[in-house]
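Visitor: If you're matching them up, the sequences are chains A and B in order. Numbers 1 to 399, taken from the working numbering, label the letters of the first sequence in order. Numbers 400 to 560, taken from the working numbering, label the letters of the second sequence in order.
It should be emphasised that the hints constitute simulated quantities derived from the structure, not laboratory data. Every value quoted in this text rests on a predicted model; they were computed, and no experiment measured them. Errors might be hidden in some of the hints.
As the list claims (entries may be wrong) - Not everything, but these chain A residues come out facing chain B in the computed CB check (under 8 angstroms):
| # | residue |
| --- | --- |
| 1 | Glu28 |
| 2 | Leu86 |
| 3 | Ile117 |
| 4 | Lys122 |
| 5 | Leu137 |
| 6 | Tyr138 |
The beta carbon of each residue, even a glycine, is placed where N, CA and C say it ideally should be.
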Amino acid sequence: MFLIRAIKKMNINRHNYEEFFLLYVDNELSAADRKTVEVFVQENQDLQMELALLQQTVVNADDIVLHKKDWLYMEEDISALQENLLLYADGELSAADKNTVESLLITNAAAKTEWNILQQTKLQPDMAVIFEDKALLYRKEGGKVVGFKWWRVAAAAVLLGFGLWTGVTVYKNNSQKGGGSEVTVKENKIKTQQEKAETVADPKQIIPTVENTVAENSSVSTNQQTNTQIQPGEKNRIAAEKINNADNQNSTASNPTITQQNSNPKKPDNNLPKPYFENINNESSNKNVANSVQSENNNSVRVSGSNDAVIKMNPKENKAIAIDAGNSKTNTNLTAMQVVNTNTDEGDINSRYLNVDDSKGKRSALGGFIRKAKRVLERTTNVKTGEGIKIAGFEIALK
Amino acid sequence: MTEREYNECVNLYADNVYRFILKNLRHNEDAKDVVQGAFEKLWINRAKVENERSKSYLFTIAYNQMIDHIRKNKRIVLSEGFSENAKGSGEQKHDTKRILNEALYKLSEKQRSLVLLKDYEGYSYEEIGQITGLNESQVKVYLHRARLQLREYIVSPENVI
């Protein structure tokens, strides 16, 4: 409108006539303006043709006529009766309308006929059509997922760590007691064991043989000391005391030969020489654990001239052991596994150890507690345990 | 809805849903796929679905999946399996039933679904509206027109009983 007013203010001339012509063709000008345009065209005959051309561009749709309109005519396809009957059939009527329809069906024959026809349009489900693969549809819920809290993980880690530490500690203690190639046993313990042996043994003839815990060991070493006859193969109930306790026995079962010799000059109960030695010879793999070694077999004997009984053994090579028996009066026979030493000072011997670090031989309080607990468990459950760690009915093998 | 309730739904409604879908699609395997998809969705959303509304929920899902299936395939081929199934299932003893089935397949998919939901399952207009996403008035109009179309078909001279 603003544009039209602007043009309206301007007079039509040969420079702006095109815009007026377009507005004229589009019928956008007022009657006065249209008249102005028509006057202008009459005054300028050369522009009359141009206006006619613009007028021809207008599309005229008058020739398009829809002749047949029947298919568009609509009529009410559902009568009131039909609708009521359909609603009645679908059960969508109120109680009052329902009664009305029912009474109508009784009285009106046309309604009854229509009702019968509509009744036939009612579909009946085919019950034989079933979904056979119901197994595909059944579902089962999975187990509940329980979140694992961090503190539970931490507690489990602590318990596991404690268990490992305990196991390693026990294993180390057992290794120190029974393991290794060289073992030292204190003299006073051996002394008490020998006292026991003397009370049982024949006073006339003490035959200290070595009880070998390994069954396949056929060769038994013997040692004759101060006219003591040693009978190989004869079982001695006296001299064969195992060191320490049952654990130690178990641990020494697989260890190399341990030969212990002790002297007890304070026990002159009889005139016979005392078999002051104790033997633990338990290397199962050693086929020739205790070979008798004659005194002339000097290649395995080394005399050092001291009172100490030092036993050095190499279990791998099964060699004879350097034996010091310098002060022994009647030391004639040496065995590979047994060393006889006499007349040794008790205090001196007690202070001796055989190549074993003193600190390693000590038992920790925790280890002792665990061993006690293990024994109690063994007694109460009557379960034989091996060398492993037994925790809550499970035994963990250490080897 | 619990696991037990869901599996009970399978026992109760799997046949109904399958029948409804099969009658619309006329294809055995496609109908099974739709039913399986509907129950899969029910299982996933079992926590949100009340047991009392599980049937209408199932039909709603199945209907929507069926519409999607029809739109994707655009054409429904009467498979041999369905023909055998229909033949074996119900030995159409009466011409009325055969004619009515023919008339049913002349309806639009929407009209056919409404008729089946009404006749097979006995749903109300409101329930049908909830299942199909129509309002009650639309259901009424579509259903009445469909019914009259069926009527016209069975009373036509070539199908006069």
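Visitor: Please check whether isoleucine 117(A) passes as an interface residue: C-beta within 8 angstroms of a C-beta belonging to chain B.
Guide: Because about 6 angstroms separates isoleucine 117(A) from the closest Cβ in chain B, which is inside the 8 angstroms limit, the hint holds.
Visitor: Interface hint check: leucine 86(A), Cβ to nearest Cβ on chain B, cutoff 8 angstroms. Holds or violated?
Guide: Holds. Min distance 5 angstroms.
Visitor: For the hint on glutamate 28(A), just tell me whether its beta-carbon gets within less than 8 angstroms of chain B.
Guide: violated, 45 angstroms
Visitor: Measuring from the C-beta of tyrosine 138(A) to each C-beta in chain B, is the shortest one below 8 angstroms?
Guide: holds, 5 angstroms
Visitor: Would you settle whether the hint for leucine 137(A) is holds or violated, based on the nearest Cβ-Cβ distance to chain B being less than 8 angstroms?
Guide: holds, 4 angstroms
Visitor: Closer than 8 angstroms between Cβ atoms is the bar; does lysine 122(A) clear it against chain B? Give me holds or violated.
Guide: Holds. Min distance 6 angstroms.
Comparing the model with each numbered hint stated earlier shows that hint 1 is the single one that does not hold.
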